[in-house]
Amino acid sequence: MTEQAAERAFARVLNVAELPPGTKKAIEVNGVSVLVCNSNDRLYAVSNICSHAHEKLECGRMSRGWIGCPVHGARFDLATGRAMNPPAKEPIATYPVRVVDDWIEVAAG
Amino acid sequence: MAVEAKELKGAQKATEKGALSQKGEARCPGAPSTQEIIAADKVAAPKWVRSESYEFLGDEDISTDRYIEPAFAKEEFDKLWTRTWQFACREENIPQIGDYQVYDVGPYSFIITRVGPKDIRAYFNACLHRGTKLRASGSEGCASEFQCSFHGWSWNIDGTSKNVVCEWDFPHVDRKKLSLPQAKVEVLGGFVFINMDPAAPSLAEYLGPQFKAHFDAWKLEERYVYLHVSKRLPCNWKLAIEAFLESYHVIHTHPQVAVSNADANTQYDVYGEHVNRFISPLGVLSPHLYGKHTEQDILDQFTLGDGGALGGSSKPTLSEGGSARQVMADMFRGMFEKATNTDLSAVSDSELLDCFSYTIFPNFFVFPGISLPMIYRFRPDPKDHRKCLYEVLFMRPVPLDGKRPDPVEPVHLRDDQSFKEAAGMDPGFGAILDQDTDNLFLQQEGLEASAKHGLTLGNYQEVRVRHFENAVEKYLAMDPKRPDIERLPPR
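Chains as they are written, first to last, in our numbering: chain A, 1 to 109; chain B, 1 to 491.
Just so you know, the hints here were simulated from the structure itself, not pulled from any lab data.
Hints are all accurate, no fakes.
Here are the simulated lysine-lysine pairs, DSSO-like style, with alpha carbons at most 27 angstroms apart:
id, chain 1, residue 1, chain 2, residue 2
1, B, Lys184, B, Lys383
2, B, Lys383, A, Lys89
3, B, Lys474, B, Lys452
4, B, Lys162, A, Lys56
5, A, Lys25, B, Lys403
Take these sequences, add in the hints, and give me the full structure.
Here it is as structure tokens:
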């Protein structure tokens, strides 16, 4: 991918003021349901869908760099997408995220 | 030094005479008692520090089958763990309604969840349909319901049945009686304790009024956990606990610590059936080393549990005629206040410096001091009586601005890792834990190899080991009591 193409792949999703520390928001980016998270003093973008039973993660507990599925309790590392405990085994997708001019941008889809 | 040596000789004579006195009355000759050391401090210690509660509990050997027989471990799971109060999690781990953490001990598993601001429950972690765990062991999170991942039966946060999939097929199931069974729960000092026995005494009764008054004075609800490290140890859980019940081992296991630790003159106390403690003064020379070190050596060699709080500052030098203990107390007060943004002006020198080790039977240690602000928890491996899980949690006062930091993610060390490798652990203290735990496989294997089938204990310095084993024996003499839904609330 050229630098220009990579640049284009990022989509503006939220103003930084809309995502204070310890909060998360589900956003549709190019047809993909993405959960943008502000946890542990940094931003993450991960798939909003649990790899176990395909439930939405957006209402789950987020703490110390992980998100928990509210339905069966699987947890995922926000940085790597790794499943931290059963019943999930597969990771969830993670996406590049950055801040440009107070805007959070995500490259997904 | 000449004076000291003379005093020592005199004291030794006194002890020879003392050998004829009552069992358990002998103390380290030629050394001040823990109470005498603390009484000389500038900022006086509170009542809970300035008291003694030793009792001679016997001098028979302790049988070794309890450490080496798998059948003994099975009996413990049926009789002891099902009747005793256990620390399950900190309240701050489940701050919001629906937050939960899974607590396991042996084969038993509980979902510890918050149902209301003052309402915490411990549900037996198993679906009432075909038994699947509702949440995986080691997990935590926030739930609006507890749904089984197998057939989808679900329960509300308050434990009542929420959904039975295809209920038409279960006319024989009474939904009103389908609530999740619960263990008893009590919260003390921010610690959530559970007990599987519906007939168990209250936690206050279990601890006894004397110790409860100590615990209340510490206000541990105003602390938070800033480091949580766990590691599997290659020994029976009781051997691991007993490695931390005395300072008798310090001079040989931790020679680097003895320079600044009153080890042989540490104080030992017992409180009722479930609680015991030691007070091990720091900032003073071990009686084993009298005449071999200076006060400046004590300052140079002191190891701090919460070394990070001091921000790597260099250690001080002694002024003319000053004591290392006083210099350290004064220094720690200022540095801990600054590092943790707290007011410690009313805290005594002893609380700032000394190692206070308390245990609540069966497996909970609390060190309420400031320089060694720890919690230990030991749990048996349900599948191997020669293994256990050890956890150490370090606590600090909640900052003056009242903002409680988020709970930390536990660091799980591999069996072959050093405690020094845990991020956030003071390296000097990590080395001490390595020294403690590196003896344990030798002890486990030695007990299995030995032609002697009993442990021999010192009357005073090892009274906590005997007190702990007496409690083990008390529970093992009872009938098995496996949890039974028919006898558990809320039915």
